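Chains as they are written, first to last, in this note's numbering: chain Z, 53 to 168; chain Y, 53 to 168; chain X, 53 to 168; chain P, 53 to 168.
Quick caveat, the hints were computed from the structure, so don't treat them as lab data. A portion of the hints provided could be inaccurate.
Intra- or inter-copy, both count: the list cannot distinguish identical chains.
[As the list claims (entries may be wrong)] Derived SDA-like pairs (lysine to any residue); straight-line CA-CA distance at most 20 Å:
| no. | residue 1 | residue 2 |
| --- | --- | --- |
| 1 | Lys-145 | His-132 |
| 2 | Lys-98 | Glu-110 |
| 3 | Lys-72 | Asn-56 |
| 4 | Lys-152 | Leu-55 |
| 5 | Lys-145 | Phe-65 |
From a predicted model like this one, the values you see are computed outputs, not experimental measurements.
Protein chains: 4
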Amino acid sequence: MDLNQLISKLVEFRDARDWKQFHKPNHLATAISIEAAELQEHFLWKSPDEVEGKVGDEHSCSEVAEELADILMFSLLLAHELNVDPIEIITDKLKINEIKYPVEKARGTATKYTEL
Amino acid sequence: MDLNQLISKLVEFRDARDWKQFHKPNHLATAISIEAAELQEHFLWKSPDEVEGKVGDEHSCSEVAEELADILMFSLLLAHELNVDPIEIITDKLKINEIKYPVEKARGTATKYTEL
Amino acid sequence: MDLNQLISKLVEFRDARDWKQFHKPNHLATAISIEAAELQEHFLWKSPDEVEGKVGDEHSCSEVAEELADILMFSLLLAHELNVDPIEIITDKLKINEIKYPVEKARGTATKYTEL
Amino acid sequence: MDLNQLISKLVEFRDARDWKQFHKPNHLATAISIEAAELQEHFLWKSPDEVEGKVGDEHSCSEVAEELADILMFSLLLAHELNVDPIEIITDKLKINEIKYPVEKARGTATKYTEL
Chain Z
53 MDLNQLISKL
63 VEFRDARDWK
73 QFHKPNHLAT
83 AISIEAAELQ
93 EHFLWKSPDE
103 VEGKVGDEHS
113 CSEVAEELAD
123 ILMFSLLLAH
133 ELNVDPIEII
143 TDKLKINEIK
153 YPVEKARGTA
163 TKYTEL
Chain Y
53 MDLNQLISKL
63 VEFRDARDWK
73 QFHKPNHLAT
83 AISIEAAELQ
93 EHFLWKSPDE
103 VEGKVGDEHS
113 CSEVAEELAD
123 ILMFSLLLAH
133 ELNVDPIEII
143 TDKLKINEIK
153 YPVEKARGTA
163 TKYTEL
Chain X
53 MDLNQLISKL
63 VEFRDARDWK
73 QFHKPNHLAT
83 AISIEAAELQ
93 EHFLWKSPDE
103 VEGKVGDEHS
113 CSEVAEELAD
123 ILMFSLLLAH
133 ELNVDPIEII
143 TDKLKINEIK
153 YPVEKARGTA
163 TKYTEL
Chain P
53 MDLNQLISKL
63 VEFRDARDWK
73 QFHKPNHLAT
83 AISIEAAELQ
93 EHFLWKSPDE
103 VEGKVGDEHS
113 CSEVAEELAD
123 ILMFSLLLAH
133 ELNVDPIEII
143 TDKLKINEIK
153 YPVEKARGTA
163 TKYTEL
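Here chain Z stands alone, though its shape is the one from the complex (with noise of 0.2 Å):
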């Protein structure tokens, strides 16, 4: 299965319970940032030793796939309602992140651009 073919299932899902009415673009990214806190408590409290053990666990990580499974249907619904492209819309920002962060200063740093 494709992108566009999962889309079409995530919309046929979505209407056959008839939710496109509650699926406004605010509500989506606010389900969206739910759904992002959901997927941090698995972190939360966790030394960075205790987290890579968390991702290792093949129980624990099928966990946390599932939130950013969550975190994806919703933006993939998001950007199905803005009537955009998801693959589009990331090559786009790439090329604006290109700029942003050209690879001699952004090298090896986690500085944000603006400080750059």
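Following the hints, put chains Y, X and P in place on chain Z, whose structure we already have.
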């Protein structure tokens, strides 16, 4: 370009800057959460009509799409770090949601599955 | 009970459980973000009228207040860790906001100061 | 200045700008979430040592405190909108947490109460 080619480009971008060292799963989760907040900021204090106006305007919509691209980028990089396939984890989650939200119960309501 | 007495109680609760070791500033920031997401979840997918109904109902309102309490608790514990006085930092920020948002420009508009 | 006097000042600031119309509970919740993300951004990509360095440096610490002040401000304004007393709801939540996290079980562990 398909999704796997896109992920390869994201990883290439990251590696050219030697950023893998920063992309710990917990940090990527936090980055997603921060980008989700930036997405939400576009809709903050806005009425439902103003939200519609925002995404209906071409320039505003492309700003919103840019934030969405950031969320998707970090999400795909996290999937890469977890060694999971984005399309597969979404398909798996969709199956779980089909059980959590059966059409006959979930149709037309935004109630959470725990209270359906 | 005044605010300082309350903070002492929060610290006492924490120390009785030997939790200071977990309360690193970045973790407390993440905890606040997670609790803020739980707060938002109460309003997710809801129309403006449903939001009003939610906080107008005594039982629902107390659930919302409980999430708010979580945010405040972690925020006060972070202030304690940073060794700053909550009332003082808010008073300072209010002065900054008075300059960022002069009454004559900001009155009746939700526009961000960068665009006022 | 005590907490109630501070809240009065926050409400006065808001009313001078005619902002009550924007301060719906869901919007305030979103504002808190956005400010929490800005707080997290100060620690993004940082190692435990770098986090310590950040809050140990006076200038950086005051920047972090400013984000915390934003979270507290919106939280206090939401408490005001919900017509609840911040100190009271925190005291109530502390009682709940004392039951959820009994000292003998919770001591020295960051495990969630559902798994204690």
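Hint check:
Taking identical chains as interchangeable, the C-alpha atoms of Lys-145 and His-132 lie at most 20 Å apart whether they share a chain (18 Å) or sit on different chains (19 Å). Proximity of Lys-98 to Glu-110 under the C-alpha cut-off of 20 Å is restricted to the intra-copy arrangement: shortest distance 18 Å within a copy versus 26 Å between copies. Within a single copy, Lys-72 and Asn-56 get their C-alpha atoms as close as 18 Å, which meets the 20 Å cut-off; across copies the closest is 29 Å, which misses it. Proximity of Lys-152 and Leu-55 under a CA criterion of 20 Å is satisfied in neither setting, with 28 Å inside one chain copy and 24 Å between copies.
Taking the shortest Cα distances, Lys-145 and Phe-65 sit within 20 Å of each other only across copies (12 Å), while inside one copy they are farther apart (29 Å).
In this structure, only the earlier hint numbered 4 is contradicted, and the remaining ones agree with it.
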